[in-house]
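The listed protein sequences correspond, in order, to chains A and B.
Everything in the first sequence is counted per the numbering used here, starting at 1 for the first residue and increasing by one.
Everything in the second sequence is counted per the numbering used here, starting at 1001 for the first residue and increasing by one.
Read the hints as simulated data drawn from the structure, not as lab findings.
Here a beta-carbon is modelled for each residue, glycine too, at the ideal position from N, C-alpha and C.
Worth double-checking, as some hints may not be accurate.
As the list claims (entries may be wrong) - Below, a sample of chain B positions facing chain A; criterion: calculated Cβ distance under 8 Å:
hint : residue
1    : L1046
2    : K1067
3    : L1088
4    : G1102
Unchecked claim - Derived DSSO-like pairs: lysine-lysine, alpha-carbon spacing no greater than 30 Å straight-line:
hint : chain 1 : residue 1 : chain 2 : residue 2
5    : B       : K1070     : A       : K78
6    : B       : K1096     : B       : K1056
7    : B       : K1096     : A       : K62
8    : B       : K1002     : B       : K1042
9    : A       : K11       : A       : K62
10   : B       : K1056     : B       : K1002
11   : A       : K78       : A       : K15
12   : A       : K11       : B       : K1070
13   : B       : K1070     : B       : K1056
14   : A       : K78       : B       : K1042
15   : A       : K62       : B       : K1067
16   : B       : K1067     : B       : K1056
17   : B       : K1002     : B       : K1067
18   : A       : K78       : B       : K1096
19   : B       : K1042     : A       : K71
20   : A       : K71       : A       : K11
21   : A       : K62       : A       : K15
22   : B       : K1042     : A       : K15
23   : B       : K1002     : B       : K1070
24   : B       : K1042     : A       : K11
25   : B       : K1070     : A       : K71
26   : B       : K1096     : B       : K1042
27   : B       : K1042     : B       : K1070
28   : A       : K62       : A       : K78
29   : B       : K1096     : B       : K1002
30   : A       : K62       : B       : K1002
31   : A       : K78       : A       : K11
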Amino acid sequence: EAEVAQSPRYKITEKSQAVAFWCDPISGHATLYWYRQILGQGPELLVQFQDESVVDDSQLPKDRFSAERLKGVDSTLKIQPAELGDSAMYLCASSLRSFSTDTQYFGPGTRLTVL
Amino acid sequence: QKEVEQDPGPLSVPEGAIVSLNCTYSNSAFQYFMWYRQYSRKGPELLMYTYSSGNKEDGRFTAQVDKSSKYISLFIRDSQPSDSATYLCAMKGDYKLSFGAGTTVTVRA
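Start from the sequences and build out the full structure, keeping to the hints where you can.
Here it is as structure tokens:
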């Protein structure tokens, strides 16, 4: 069964350092999402891509976060510099398209700890 | 006020009991309703997907939607220790998924 792949699974960094997360969506899925899930809360959308274009990045803290999906396949989310409040699980999801009826499939996530 | 409200629990039940989970929402534009299950340190996995008021059954799981009351529920019958997880409700109107905070469920053997 096809799955969304993410790496690394865990990342510990010190504040002010740069971190990067990678996501490989299910093959053929045009839509890719990055979510942040703080402990005890539900995931919140950071950015959504349709192919290589950003559809929604309204909740992405653009002063320190960036995301790209250059060839419309895999994607990288970067934080620079990391802050203590960035400690969370970063989830990547993909769907066939961006229609309301399309199911989003989630990867295992990257757990970030900022010291 | 959050768009989606979900009691975080935790909820502890004996094996074989019925687990009842629910969420309320405020956005009338929500038309599609989902329940995700999330095991510790894993990503959410889709359990149930409904888009109309009423009940939908899948094995031991029943999802219920009441759009007039803006209230959705998930029932787990004959609960098993393997059902121990966090259950997230999620809903959307167009493409953006809004999640509840999740309810942590423990099924005791």
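Results of checking the hints against the structure:
no.: 1; hint: L1046; result: holds, 6 Å
no.: 2; hint: K1067; result: violated, 15 Å
no.: 3; hint: L1088; result: holds, 5 Å
no.: 4; hint: G1102; result: holds, 6 Å
no.: 5; hint: B:K1070 / A:K78; result: violated, 37 Å
no.: 6; hint: B:K1096 / B:K1056; result: holds, 23 Å
no.: 7; hint: B:K1096 / A:K62; result: holds, 19 Å
no.: 8; hint: B:K1002 / B:K1042; result: holds, 25 Å
no.: 9; hint: A:K11 / A:K62; result: holds, 21 Å
no.: 10; hint: B:K1056 / B:K1002; result: holds, 26 Å
no.: 11; hint: A:K78 / A:K15; result: holds, 14 Å
no.: 12; hint: A:K11 / B:K1070; result: violated, 39 Å
no.: 13; hint: B:K1070 / B:K1056; result: holds, 17 Å
no.: 14; hint: A:K78 / B:K1042; result: holds, 21 Å
no.: 15; hint: A:K62 / B:K1067; result: violated, 36 Å
no.: 16; hint: B:K1067 / B:K1056; result: holds, 14 Å
no.: 17; hint: B:K1002 / B:K1067; result: holds, 17 Å
no.: 18; hint: A:K78 / B:K1096; result: holds, 22 Å
no.: 19; hint: B:K1042 / A:K71; result: holds, 27 Å
no.: 20; hint: A:K71 / A:K11; result: holds, 25 Å
no.: 21; hint: A:K62 / A:K15; result: holds, 17 Å
no.: 22; hint: B:K1042 / A:K15; result: holds, 25 Å
no.: 23; hint: B:K1002 / B:K1070; result: holds, 13 Å
no.: 24; hint: B:K1042 / A:K11; result: holds, 15 Å
no.: 25; hint: B:K1070 / A:K71; result: violated, 40 Å
no.: 26; hint: B:K1096 / B:K1042; result: holds, 21 Å
no.: 27; hint: B:K1042 / B:K1070; result: holds, 29 Å
no.: 28; hint: A:K62 / A:K78; result: holds, 10 Å
no.: 29; hint: B:K1096 / B:K1002; result: holds, 15 Å
no.: 30; hint: A:K62 / B:K1002; result: holds, 23 Å
no.: 31; hint: A:K78 / A:K11; result: holds, 12 Å
The structure fails to meet hints 2, 5, 12, 15, 25 from the earlier list, while all remaining hints are met.
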